[in-house]
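Trainee: Residue strings, one per chain:
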Amino acid sequence: MSRQSVAKAHQKIQELAWEPLYHEPVKHYGTDYTFSKAQKKDPLKQVLRSYFPMQEEKDHRVYGASDGAIRGNMFRQVQERWMEWQKLFLSIIPLPEISAARAMPLLFRTVPNPELHNGQAIQMIDEVRHSTIQQNLKRLYMNNYIDPAGFNSSLRNFQNDYCGTIGRQFAEGFITGDAITAASIYLTIVAETAFTNTLFVAMPAEAAANGDYLLPTVFHSVQSDESRHISNGYATLLMALADEGNHQLLERDLRYAWWNNHRVVDAAIGTFIEYGTKDRRKDRESYAEMWRRWIYDDYYRSYLVPLEKYGLVIPHDLIEEAWNQIWNKGYVHEVAQFFATGWLANYWRIDPMTDKDFEWFEYKYPGWYDRYGKWWENYNRLSMPNGHHPIVLEDVDYVYPHRCWTCMVPCLVREDMVMAEVNGQWRTYCHEECRWTDTTAFRPTYQGRETPNMGQLIGKREWETLYHGWNWADVVSDMGYVRDDGKTLVAQPHLNLDPKKMWTLDHLRRCPPLQSPNVLLNKMTPQERDAFHANYIRGGPAGRSAPADA
Amino acid sequence: MTTAQERSVPKPVFTDAEAGAKEFPDSTVRRYNYYIPQKRKQTHYEDVTVEVQPDPRHYLSQGWLYGFSDGRGGYPLDWTALKAWGSDRPEPERFPGSGGKGYDWPAHGWHEFRDPNEEWELTLYRYNSNVVRQLNQNIAAARQAKAFEQWNPNWVRFVESHVGAWMHVDHGLGLYLFANANRRAPTNMHNNAISVNSMHRIRAAQDLALYNLTLSEEIAGFDGAVHVETWNGDPAWQGVRKTAEALTAIDDWCEAIFAANVVFEPLVGELFRSNLVQQASPGNGDWVTPTIIGAEEYDYAERDLRYTKAMFDLLTNDREFADHNKAIMQQWLSTWVPRCIAAARTLQPLWSQPDSKPPRFEDGLDRAKSRFSGILSELGLQTPKELAQ
Numbered sequence: 000m001s002r003q004s005v006a007k008a009h010q011k012i013q014e015l016a017w018e019p020l021y022h023e024p025v026k027h028y029g030t031d032y033t034f035s036k037a038q039k040k041d042p043l044k045q046v047l048r049s050y051f052p053m054q055e056e057k058d059h060r061v062y063g064a065s066d067g068a069i070r071g072n073m074f075r076q077v078q079e080r081w082m083e084w085q086k087l088f089l090s091i092i093p094l095p096e097i098s099a100a101r102a103m104p105l106l107f108r109t110v111p112n113p114e115l116h117n118g119q120a121i122q123m124i125d126e127v128r129h130s131t132i133q134q135n136l137k138r139l140y141m142n143n144y145i146d147p148a149g150f151n152s153s154l155r156n157f158q159n160d161y162c163g164t165i166g167r168q169f170a171e172g173f174i175t176g177d178a179i180t181a182a183s184i185y186l187t188i189v190a191e192t193a194f195t196n197t198l199f200v201a202m203p204a205e206a207a208a209n210g211d212y213l214l215p216t217v218f219h220s221v222q223s224d225e226s227r228h229i230s231n232g233y234a235t236l237l238m239a240l241a242d243e244g245n246h247q248l249l250e251r252d253l254r255y256a257w258w259n260n261h262r263v264v265d266a267a268i269g270t271f272i273e274y275g276t277k278d279r280r281k282d283r284e285s286y287a288e289m290w291r292r293w294i295y296d297d298y299y300r301s302y303l304v305p306l307e308k309y310g311l312v313i314p315h316d317l318i319e320e321a322w323n324q325i326w327n328k329g330y331v332h333e334v335a336q337f338f339a340t341g342w343l344a345n346y347w348r349i350d351p352m353t354d355k356d357f358e359w360f361e362y363k364y365p366g367w368y369d370r371y372g373k374w375w376e377n378y379n380r381l382s383m384p385n386g387h388h389p390i391v392l393e394d395v396d397y398v399y400p401h402r403c404w405t406c407m408v409p410c411l412v413r414e415d416m417v418m419a420e421v422n423g424q425w426r427t428y429c430h431e432e433c434r435w436t437d438t439t440a441f442r443p444t445y446q447g448r449e450t451p452n453m454g455q456l457i458g459k460r461e462w463e464t465l466y467h468g469w470n471w472a473d474v475v476s477d478m479g480y481v482r483d484d485g486k487t488l489v490a491q492p493h494l495n496l497d498p499k500k501m502w503t504l505d506h507l508r509r510c511p512p513l514q515s516p517n518v519l520l521n522k523m524t525p526q527e528r529d530a531f532h533a534n535y536i537r538g539g540p541a542g543r544s545a546p547a548d549a
Numbered sequence: 000m001t002t003a004q005e006r007s008v009p010k011p012v013f014t015d016a017e018a019g020a021k022e023f024p025d026s027t028v029r030r031y032n033y034y035i036p037q038k039r040k041q042t043h044y045e046d047v048t049v050e051v052q053p054d055p056r057h058y059l060s061q062g063w064l065y066g067f068s069d070g071r072g073g074y075p076l077d078w079t080a081l082k083a084w085g086s087d088r089p090e091p092e093r094f095p096g097s098g099g100k101g102y103d104w105p106a107h108g109w110h111e112f113r114d115p116n117e118e119w120e121l122t123l124y125r126y127n128s129n130v131v132r133q134l135n136q137n138i139a140a141a142r143q144a145k146a147f148e149q150w151n152p153n154w155v156r157f158v159e160s161h162v163g164a165w166m167h168v169d170h171g172l173g174l175y176l177f178a179n180a181n182r183r184a185p186t187n188m189h190n191n192a193i194s195v196n197s198m199h200r201i202r203a204a205q206d207l208a209l210y211n212l213t214l215s216e217e218i219a220g221f222d223g224a225v226h227v228e229t230w231n232g233d234p235a236w237q238g239v240r241k242t243a244e245a246l247t248a249i250d251d252w253c254e255a256i257f258a259a260n261v262v263f264e265p266l267v268g269e270l271f272r273s274n275l276v277q278q279a280s281p282g283n284g285d286w287v288t289p290t291i292i293g294a295e296e297y298d299y300a301e302r303d304l305r306y307t308k309a310m311f312d313l314l315t316n317d318r319e320f321a322d323h324n325k326a327i328m329q330q331w332l333s334t335w336v337p338r339c340i341a342a343a344r345t346l347q348p349l350w351s352q353p354d355s356k357p358p359r360f361e362d363g364l365d366r367a368k369s370r371f372s373g374i375l376s377e378l379g380l381q382t383p384k385e386l387a388q
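Top line first, the protein sequences correspond to chains A and B. Using numbering that gives the first Met the number 0, the letters of the first sequence correspond one by one to residues 0 to 549. Using numbering that gives the first Met the number 0, the letters of the second sequence correspond one by one to residues 0 to 388.
Any given hint could be a false lead.
Calculated lysine-lysine pairs in the DSS-like style (CA-CA distance at most 25 Å, straight line) [stated by the list, open to error]:
1) Lys-308/B / Lys-500/A
2) Lys-100/B / Lys-486/A
3) Lys-10/B / Lys-281/A
4) Lys-241/B / Lys-38/B
5) Lys-11/A / Lys-10/B
6) Lys-486/A / Lys-241/B
7) Lys-277/A / Lys-40/B
It should be emphasised that the hints constitute simulated quantities derived from the structure, not laboratory data.
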């Protein structure tokens, strides 16, 4: 057995599949796509006989490095600015990973190709690997990094925090709705093929530059599994393309999946890389430069565009628009500013930017200081409690944004905000594409075609609604973001761990109550609403209010 | 003379950001504080598993965000008819000013399940790597010892047809029952245990397929394709096939796991593996096949059955729904026991095929029934009358 070639072994295991004679397997999930049976090959030819030892060897390397990091006192050299953002990232990412495992069965009955099912089963267990290995990394951080707060409450906080809710789309989008939309197009064709490059390759490189070589160790090991998953998606996509009737749905799903991934992943990873680093060498790549390399060149030009010849309609306009958002409209900077504005509703600490950071931003993003510099100076000024409120409640010319109903990132590029009345509720969207996703794509008909299997956007999608009218101290207590003395907040707008410099519930108790923008919007008269919208889209950049005289 | 240009690399910085460097609120709180461990201390397994899959009944304040076309998201509790305490309480209502608190953790009894095998990535790869390495070595040793030459012709036919046919059961259940069920259960602990079970079955299927390939190369006249014909057409296998297909057609994920691991495996799987193949092999000069089959037997008997018993034991002893659950499981037994007994009996002709005969079929079936009754007894379930068939 051990001497057989991989190709021969893989060929042999194809004999395992059988067509049911007496009972069809249960069909739990539906799709509006149609597939004819086709002998698409599993290009990676993975056999468990070699797979398990390979993964075990990868584990040896990961856990050996973990031991080495502890013995070598790695945490004496990690940057707290960086590690704090890992409290958010590592609270989010195990769920998308495990959701990818749960997504695989969506494809068993919808993609009639047993050879691919074998690859999907291996992907399932890969994802169990990723989820638990990441939980383990977080556990190691919790045990060895100076400030365990936020790591120790990670999965509770992830479930009730608005940032966690944004990140959850990157998981729930895999496991519900139309089986092919979710488990193939959103998960494998876009999330894994495009965005794991920034998640699992670009970001770990930044971790290493900040003294943390465990994140690269774990995530490069994870990324080495992704090539198999990308192949799963590619084979399914080619099968889908073989049927002309699927092209309309593929176009819809690529647009939705691309845009949502851009909104969610670029928001989070862009912030971690640009605002979580202390490495301000001018020749290190900015997130925009990384994006251009990993997403635009490697994914869009090398992977997507060649698929045009098979009939795939590529959302060229949205790829260019995503770049426009990142490069011209400061999408990542707007998000980072918002996260810092709302620091008190988080479970990690956010370091103020310094002159050195300003210089780097200005070099990489000319014009940055004029837009964001003043606000970050205010953030620094207001970071220690000194008789004032947290920055969100101080006058720093920042208008608290409305939240996008679809991607749940706030409507930060103010000029792009659009509204719609859906199911009797007025909703705001960060961009026309997000409005399209809610009002057009996630509907039971699409361009006159019945799409009975398409999913729905559900849930309480504006976090602020839950706490409308609440005192901020009660909000933070309700969410559980309080340290073990019963009053000091987990979150802080600085890195100073002197208890006298840290914000407490007492400071928040004095603040005015939280107001839900969406609740307020729905109380407006039509005239008020129109005026509000006209004013909102004249605001920004950097959250500035609209000029009074315009 | 050359001048060395300074390379642009990040500079190490002493930050002293290690645990214990300072004292401040939470500086010593170094355990996950969002769940209650099963025993006194939190285990490594629990830390990497519990709560990864969220629940709107306790912490998931904004609820599920994406739903199927019927508007249901996440992991609905009614994807099985069984219930754990708290299952009937409604999800907390959310509205302007409602706050985000749900029921106290765990909110319902499903979250109390822990896999006694404590499977996570480190354990599952370690375990399965050991299995495939040992099997490779066993087979390599057999080749070197020319062990296959000792097989009598009838045994060669038996292995190519009947040991070969079993790979299809493993493959079908591994993919379409167990892997399918890993999307269905309401907690990460259930779904991870089920996905590991799935990989055991798929690995066992591939172990048999690749063993079959080796035998094709080692034994003149060994027909490596006949297992497919046997599975497709041999009347002795059609009862097993019909039952295996029926298992993959089950809608309720608990019923699927129950029917496969509590009923089918003891009455059919172990009957075939332990009471036929393992018993007949030595007398027919085969000491290799039992090592392949034995690996799968260990998967089931020592690991998959172990988590299955822990999972259903919680439900038959549930503080609110024990009677409800037992009644449903008894119904499942009434459905699946006759099917499995019928499948077992259709296999009976296999017992007479080897030259050196294993113990009688009826004796083997009695042992399988006795084993099955023991499992039911541990779960507090009654042996169904259909077992007498």
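Trainee: Which numbered hints does this structure break?
Mentor: Violated hints: 1, 4, 5, 6, 7; rest satisfied.
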